[in-house]
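Visitor: Take a look at the letters that make up each chain.
Protein chains: 2
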Amino acid sequence: MSNERLIYLPLGGAGEIGMNAYVYGYGAPEKERLILVDLGVTFPDMDGTPGVDLIFPDMSWLTERADRLEAVFITHAHEDHVGALAQFWGELGVPVHARAFTANIARRKMEERGHPEDAVRTASAWPEQVKAGPFTVGFLPVSHSIPESSALVIDTPDGRVVHSGDFKLDPQPVVGEPFDPALWTDVCGGGVQALVCDSTNVFSTHPGRSESEVGPEIETLVSVAEGLVCATTFASNVARVKTLAEAGQRAGRTIVLLGRAMRRMIEAAVETGVLTDFPSTVSPEEATAIPRDNLMLLVTGSQGERRAASAQLARGKYRGLELKEGDLFLFSSKTIPGNERGVIRVINQLSEKGVDVVDDSSGLYHVSGHANRPDLERLHDIARAKMVIPMHGEHRHLRAHSNLAAERGFASTLAINGTMLDLSGATPRVAGFVETGRTYLDGSVRIGALDGVVRERIRMALNGLITVSVILDEEHEPMGEPWCELKGLPETGRSRAALIDVLEEDLDQFLRRARPKTLANDDALEEELRRIARSTAQDEIGRKPEVIVTVSRVS
Amino acid sequence: MSNERLIYLPLGGAGEIGMNAYVYGYGAPEKERLILVDLGVTFPDMDGTPGVDLIFPDMSWLTERADRLEAVFITHAHEDHVGALAQFWGELGVPVHARAFTANIARRKMEERGHPEDAVRTASAWPEQVKAGPFTVGFLPVSHSIPESSALVIDTPDGRVVHSGDFKLDPQPVVGEPFDPALWTDVCGGGVQALVCDSTNVFSTHPGRSESEVGPEIETLVSVAEGLVCATTFASNVARVKTLAEAGQRAGRTIVLLGRAMRRMIEAAVETGVLTDFPSTVSPEEATAIPRDNLMLLVTGSQGERRAASAQLARGKYRGLELKEGDLFLFSSKTIPGNERGVIRVINQLSEKGVDVVDDSSGLYHVSGHANRPDLERLHDIARAKMVIPMHGEHRHLRAHSNLAAERGFASTLAINGTMLDLSGATPRVAGFVETGRTYLDGSVRIGALDGVVRERIRMALNGLITVSVILDEEHEPMGEPWCELKGLPETGRSRAALIDVLEEDLDQFLRRARPKTLANDDALEEELRRIARSTAQDEIGRKPEVIVTVSRVS
Chain A
23 MSNERLIYLP LGGAGEIGMN AYVYGYGAPE KERLILVDLG VTFPDMDGTP GVDLIFPDMS
83 WLTERADRLE AVFITHAHED HVGALAQFWG ELGVPVHARA FTANIARRKM EERGHPEDAV
143 RTASAWPEQV KAGPFTVGFL PVSHSIPESS ALVIDTPDGR VVHSGDFKLD PQPVVGEPFD
203 PALWTDVCGG GVQALVCDST NVFSTHPGRS ESEVGPEIET LVSVAEGLVC ATTFASNVAR
263 VKTLAEAGQR AGRTIVLLGR AMRRMIEAAV ETGVLTDFPS TVSPEEATAI PRDNLMLLVT
323 GSQGERRAAS AQLARGKYRG LELKEGDLFL FSSKTIPGNE RGVIRVINQL SEKGVDVVDD
383 SSGLYHVSGH ANRPDLERLH DIARAKMVIP MHGEHRHLRA HSNLAAERGF ASTLAINGTM
443 LDLSGATPRV AGFVETGRTY LDGSVRIGAL DGVVRERIRM ALNGLITVSV ILDEEHEPMG
503 EPWCELKGLP ETGRSRAALI DVLEEDLDQF LRRARPKTLA NDDALEEELR RIARSTAQDE
563 IGRKPEVIVT VSRVS
Chain B
23 MSNERLIYLP LGGAGEIGMN AYVYGYGAPE KERLILVDLG VTFPDMDGTP GVDLIFPDMS
83 WLTERADRLE AVFITHAHED HVGALAQFWG ELGVPVHARA FTANIARRKM EERGHPEDAV
143 RTASAWPEQV KAGPFTVGFL PVSHSIPESS ALVIDTPDGR VVHSGDFKLD PQPVVGEPFD
203 PALWTDVCGG GVQALVCDST NVFSTHPGRS ESEVGPEIET LVSVAEGLVC ATTFASNVAR
263 VKTLAEAGQR AGRTIVLLGR AMRRMIEAAV ETGVLTDFPS TVSPEEATAI PRDNLMLLVT
323 GSQGERRAAS AQLARGKYRG LELKEGDLFL FSSKTIPGNE RGVIRVINQL SEKGVDVVDD
383 SSGLYHVSGH ANRPDLERLH DIARAKMVIP MHGEHRHLRA HSNLAAERGF ASTLAINGTM
443 LDLSGATPRV AGFVETGRTY LDGSVRIGAL DGVVRERIRM ALNGLITVSV ILDEEHEPMG
503 EPWCELKGLP ETGRSRAALI DVLEEDLDQF LRRARPKTLA NDDALEEELR RIARSTAQDE
563 IGRKPEVIVT VSRVS
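For the protein sequence lines, the chains are A and B, in the order given. According to our numbering, the first sequence is numbered sequentially starting from 23. According to our numbering, the second sequence is numbered sequentially starting from 23.
Quick caveat, the hints were computed from the structure, so don't treat them as lab data. Accuracy of the hints is not assured; some may be wrong.
One copy or two, either will do: identical chains are not told apart, so a pair holds if it fits within one copy or between any two.
[What the hints assert, rightly or not] With a straight-line Cα cutoff of 30 Å, these simulated DSBU-like cross-link-like pairs (lysine-lysine) come out:
id, residue 1, residue 2
1, Lys566, Lys131
2, Lys375, Lys346
3, Lys566, Lys539
4, Lys53, Lys153
5, Lys408, Lys153
6, Lys408, Lys375
7, Lys131, Lys153
8, Lys566, Lys339
9, Lys339, Lys375
10, Lys408, Lys53
What you are looking at is a predicted structure, and each value in this text was computed from that prediction instead of being measured.
Can you build the whole structure from these sequences, using the hints too?
Guide: Shown next, in the form of structure tokens:
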């Protein structure tokens, strides 16, 4: 009897929303031939990852088994699905398959890191299929919030797996293919082996709304605006950008795209034929010659990012353009949890300029790109899978989605990052656990999340820093007095004397009385100096800073 | 003709939600006798204020004029209204007036800082009034989300000012006085001089809901729960805590209060007679002897605060109690913008334990304590003030509120912190601008927001740190090699050699070749060493760290 099996192993994306990376394998245990679906990033924040540039999944499990990897498949061009591809491609070295728009974006990333662009191969939509070892993979169009999003139809010796990718069930997505229930029903036939399914919106209980619903609302809003109109959304939401541009055009406004990502995405969409009739645009320089109430700016920065066009316009001028009293600023976007402060900062800065801000609180100017609970149920019913495996969600989403599937009669299990499932049978079976985690891009270096580097930074931010320098002569006698420097600490404390003087005085007192044995021992001396510095600081300013002690011995 | 005038000067709370501090004055310019309304804090965050303990308004303008200050009035016991009182009372030294519950909380804070508790005087509700220089002030009960919230009726020689405090128009607030439109109409008579008014919920377009609406929903939820039930809300929302406790009691559950603030607030409410029939509670120790499905825990930490009871229960045991598969956790609260990450962390940790979490996304289990737009309009109409001055809001709230008032025929202006208004005439007139800002409580020390201390911490967190130590002899010759320490930086970079070795090597190279003039000049030498350290780091790890250089000269 064959002991070959079909495995599923999320390395990222199952237990968080971000850094998606899902491995499928087929073969005998430890000998499975593998494919990787998506290779994305997640974004750092000051709370937990100060100074970090990007966060990747820890890909060591896969890079150590790169000889068993057949190919990478990218479902769509969002950063959390394609952003880490070029970072790891050198260690994977296999062909990357994606549809034209996604491939266009992926190639730009590969080029930036000096990888061969032809490693990225353009796949056509279903019914075309790509062979990769024991797998045959097809890109099944599905609607989302970026062009050419696809589910993957993964045929294996143990049956067909449908990996949903990020999706919604939109009959009129404005740009790209509508969700086609007949096609999906046909592809899923009498039922598939497994549906591995997006969980993002499992807590939204109403059916999802179509992208086409926001157009008329935006058009109404823009048609009555009097000053300059500025709107922001995710640049990758090409349909929305088009809707916004058309609303501007109908109101007789000239369109200006601001922000690198905005121009890059529209360019990619035009290059790949996804976007055929985008209104003509002018450069910011040309725009300054046009009456400002005839302009509509489409800008990056829907999440309040400090360097994006929206934040720069909120602070002052950007590329010669400036917002003023009576202008309108539209957030055609939702704020991702965690980004509220940045967005609110931008709104208040715009308020200070007298700009009227319209956000999504009315629900009129934005719709989500993910399937809500009733839509998930509908897809479950179309797929009629033996098992439903929730992915793309935090623990709470995966758990709720798994419970939903189970309640409706589908075998299901909650598999977070590192959980290897055997999907070969009638129900999912845990086949093992793999060490996973996060890798940080930090400047130009990759570091592990548990290396302690970021922890040290957080400690310096929370506690401030004292450096202590002491020089000893050959007889272990202090030469001169100890020398301190402070960073991130108040200058004076309880005693009203300069903190640095109090520290140096206390450390000097200690040195004068220290036993020869202590003075002769670097570790003991450093430990004592650190203890005294912290204790003096606690006394003076009520906190214990980080301390760096440098003991120099002159010979 | 008299040149006496009535002035209003927000020192905090107008341009942010938090750290409320509003000055009123009456008299000749620069000689006005003053009162202060509220003296609150705002809370720090890792993004902008790492390591800071609390944020206060910069009170220098008032402390420099403390001889002109008559009294402080506290509208209610929320931290953003009373939290800084004890911090500044020593510099103000005047009587503090508040209603019983608020006074109870204020006295606890005064006691903690060694101030005389009798500086806080208990005021009765309207029609009692307190005389303070040219002002006569009454506490007019109004509903909010804490007991005994009051508007202040401030009678001045130039007419009556109504300072709304934080409020909602709740006919059934569960604990405390309902909003009494007849009383308010009576107090406002034919129209007051100025209404200074809460702006928090100006963007909520539906009428506010009553506190009494959540009780039945919570009761239904708790009645069908099977495991242990745990609920969190703001501890100061005594009405909600009571509603939760009663729902537990009706479901046959024994109530346990967890978290210092929760016990403290209920204690204050009972001591002051605000709360008369709170269900009996047991201690966590006693609770461990009760079957867990007969328990209901009421816990602190509705905002996901790391040290609060909710977060500790989400991570593991707390005071012998533990949540398990099938338990219910209710957030009877909204997440304040900026706290989303902490709350989501708690929810996911609870999900990992198999706990079912119910949050406020349904709108059933929480109502706001602030007046929505239609309620603001109603109060405007009751007050019939010559002018409406929006307070308690970010810039966007103040602006929208001011526009709302103006559209409805009331004179209004947008006065942010530091804007002194003359309220004596028919319309508000800007009488000047005062320097305001923020003061940080940092450990035990007060520092200015612009002192640069926090900026240094943020830089260390974003960039990491290198220390460089160099020792020179009397002839300015380097003794030994330079010595580096790293904090918050990767160990190796581009060259794969230890970063510290590469740094020390490059710095040593420089020292060997440095001109005597440079070696003899501390500033020049430090600057060069810093530049080289940063440049080497940029080359190796792609970032420029903060650098502390210590040059020691041995004689």
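Visitor: Give a verdict on every hint.
Guide: Do the hints match the structure? See the list:
no. : hint              : result
1   : Lys566 <-> Lys131 : between (44 Å within a copy, 25 Å between copies)
2   : Lys375 <-> Lys346 : within (6 Å within a copy, 51 Å between copies)
3   : Lys566 <-> Lys539 : within (27 Å within a copy, 39 Å between copies)
4   : Lys53 <-> Lys153  : within (18 Å within a copy, 86 Å between copies)
5   : Lys408 <-> Lys153 : within (24 Å within a copy, 78 Å between copies)
6   : Lys408 <-> Lys375 : between (57 Å within a copy, 27 Å between copies)
7   : Lys131 <-> Lys153 : within (24 Å within a copy, 71 Å between copies)
8   : Lys566 <-> Lys339 : between (43 Å within a copy, 28 Å between copies)
9   : Lys339 <-> Lys375 : within (12 Å within a copy, 50 Å between copies)
10  : Lys408 <-> Lys53  : within (25 Å within a copy, 82 Å between copies)
Of the numbered hints given earlier, the model fails none.
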